[in-house]
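Undergrad: The primary structure of each chain is shown beneath.
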Amino acid sequence: MFEAKRLHPAAIIFNLIRTVREFLFAIILGFITFRDESLLYFVLILAGLVVIFIGASVLTWYRYTYRIEDDELRIEYGVFIRKKRYISKNRIQSIDLTSGIIHRIFKLTKVQIETAGSGMSAEASLSAVKLEEGEAIRAELKTSGTHQQAADDPHEETGEWAEKTNPSSTISFKRLFIAGTTSGSIGVILALGAAGFSELEQFIPESFFDETLEWVIGLGIIILIVMAFFALLLFWLLGIAGTMIKYGKFTITKNENELFITRGLLEKKQSTIPLKRIQAVGIQESIIRQPLGYVTVFAEIAGGSANKGEDFSSILFPIMKRDEVEAFLETFLPDYAGLHELTPLPKRSRKFYIMRSSVLFVLIVATVAIFFPSFVWAPVLLLIAGVFLGRLRHKDGGFNVQGQRLTIRHRVFSRNTIMLYHKRVQAFEKKQHKVQRLQNLASMTLSIVGRMGTGTHFTIKDLEESHVDELSDWYSRRN
Amino acid sequence: MRQPPVNRIAPDAIKAWKISAALAEGVIWLVTIALFVLAFIFEFSYWYGAGAALISMITTVLFVFVLPKVRWRRWRYEVFEQEIYIQHGILIVSRTLVPMIRVQHVDTKQGPILKKYNLASVEISTAATTHEIPALLEEDASELRDRISALARVDEDDV
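Protein chains in written order, with this note's numbering: chain A, 138 to 616; chain B, 2 to 160.
I should point out that these hints are in silico values taken from the structure, not numbers from a laboratory. Please note: incorrect hints may appear among the correct ones.
[Said to hold, decoys possible] Here are the computed lysine-lysine pairs in the PhoX-like style, where the Cα-Cα straight-line distance is at most 25 Å:
| hint | chain 1 | residue 1 | chain 2 | residue 2 |
| --- | --- | --- | --- | --- |
| 1 | B | 116 | B | 19 |
| 2 | A | 311 | A | 279 |
| 3 | B | 116 | A | 568 |
| 4 | B | 70 | B | 116 |
| 5 | A | 571 | B | 70 |
| 6 | A | 484 | A | 568 |
Since the structure is predicted, the reported quantities are computational estimates derived from the model, not experimental observations.
Full structure from sequences and hints, please.
TA: Okay, here's the thing in structure tokens:
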């Protein structure tokens, strides 16, 4: 792969789309301003712009070349200012292949290459190459890493591995559907809807609101409730669709030293997680899924970029039954297999948990009771929910030490069980305030390497002080 | 972690903290004075100014005269061959263990106030966290930095 290559010409389309998207707002604004008197000029200007955009896209494509040489991926680009970016093979952390709808029409893929601690976007991104070319690039860039690994472990070269088919697991349609119905993404979609609406608001004439309001008031309260119900139902269905599109055909495969994940119904995404980059493995039980016995298995991974959203490369399997986790980990991550009984929090720490999760609502109840006594039931309901959540948080907190492995469990809203190894912990902190000291309680925080060079911190509050001391002795390297 | 770390930070830290707290309080006092002036010009009640003065007074006593001493008394650190042990915090006492092999780099820092008292602070960074030992004597700080840096130079297993 020494000769410099250009991307597939379809990359021109992607360049064009990107440029148009950047100017879209200006174009719409122009249209609104000029729509009456000088529309003709506007159309002329627009036509000129389109020609320029197309020209620029073609030039950008023409000037963009990549090659693999001397164990480096070398990209040269830039129309007026030539830029060269060389990425050394052994600095590459992950290579993701993504195929959007346009990609799939032409049998193409987008290759995204990341190095450690890269910031917001991928270090290098080849927006359109042939699928087999993309796979070849990945194979080529990955080789150095795998050789090194193989040298570390002689057993893997005996051929025993090659004969074995790599273990793999795919999500079933039924499970996918359950994942969608319990995704709880309603809230997210609602928020998005609200945000989108507030953007739109400025383009809707004032009278529209007044008329709608009169109409709605005319309908009466019952119809309003029915409408709200249908709106929620619609969002719920959208949530199901969203989850199905995102996690459709989710497949995880284990190769020698990495996990390989493919997912997506419309846009196909592939990503690799090197096993040695996994910092911790977690089991998440959301408040909706927990009573049904379903969990999500995820991993905390060092490095990676932020814009992909943490739920992409870190989700190892979107949904499975709680009792299937053991077998799953046994197959894919044997180091993390074996769930152990956790040491619970002491009873006397429950009051702290309940206080923390309800103190805000107590204040709200007090305020509402003074100013709007007839509405006091609403915050009281919240207060009850807060107390209940506090009790749950207390009940679910716990830890277990098994040799080098530590398991901790805590709840914010979802219950997370996290398994991590001694060598992955970057720092250990014990915290204690005056009241805790009187009660012989203490909190602890464990820090591990997180995404984008920032740490991920796990805090468990109000443990038995002697337990925290035992854990600190476990962590300490002095003895 | 049952015993606190043994080393204290430099006693001059109290003075340095007092000065920086006093500077911050100065701003608050300026706001208070401004409130009085504005109340005089625009003829609104002086009670706002009085309230601000009370708040300024209380925070000044607390942050300039009381807390630096308490904070100093709490601040302890100890550097072992294998790890760094730090204790700090006024209301919430926090004790942190940082293993040497997790240390990525060590810095010493010195602002104008610390410089006045020949002090410097040491900042220890791991891949996930940063920890600061504030206000050591300059030579202690650089000696500590070099020592941690030397101890941290052990074979690293993969992160």
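Undergrad: If a hint holds in the structure, say so; if it doesn't, say that too.
TA: Verification of the supplied hints:
1. Note on residue 116 (chain B) and residue 19 (chain B): the hinted pairing holds, with a Cα-Cα distance of about 14 Å set against a maximum of 25 Å.
2. For the given pair, residue 311 (chain A) sits about 35 Å from residue 279 (chain A) by alpha-carbon distance, which is inconsistent with the 25 Å threshold.
3. Distance restraint check for residue 116 (chain B) and residue 568 (chain A): the Cα-Cα separation of roughly 31 Å exceeds the 25 Å cut-off, and the hinted pair is therefore not satisfied.
4. Among the hinted pairs, residue 70 (chain B) with residue 116 (chain B) is consistent with the structure: their alpha-carbon atoms are about 20 Å apart, no more than 25 Å.
5. For the given pair, residue 571 (chain A) sits about 18 Å from residue 70 (chain B) by alpha-carbon distance, which is consistent with the 25 Å threshold.
6. Annotation: proposed proximity of residue 484 (chain A) to residue 568 (chain A) holds, straight-line Cα distance about 19 Å (limit 25 Å).
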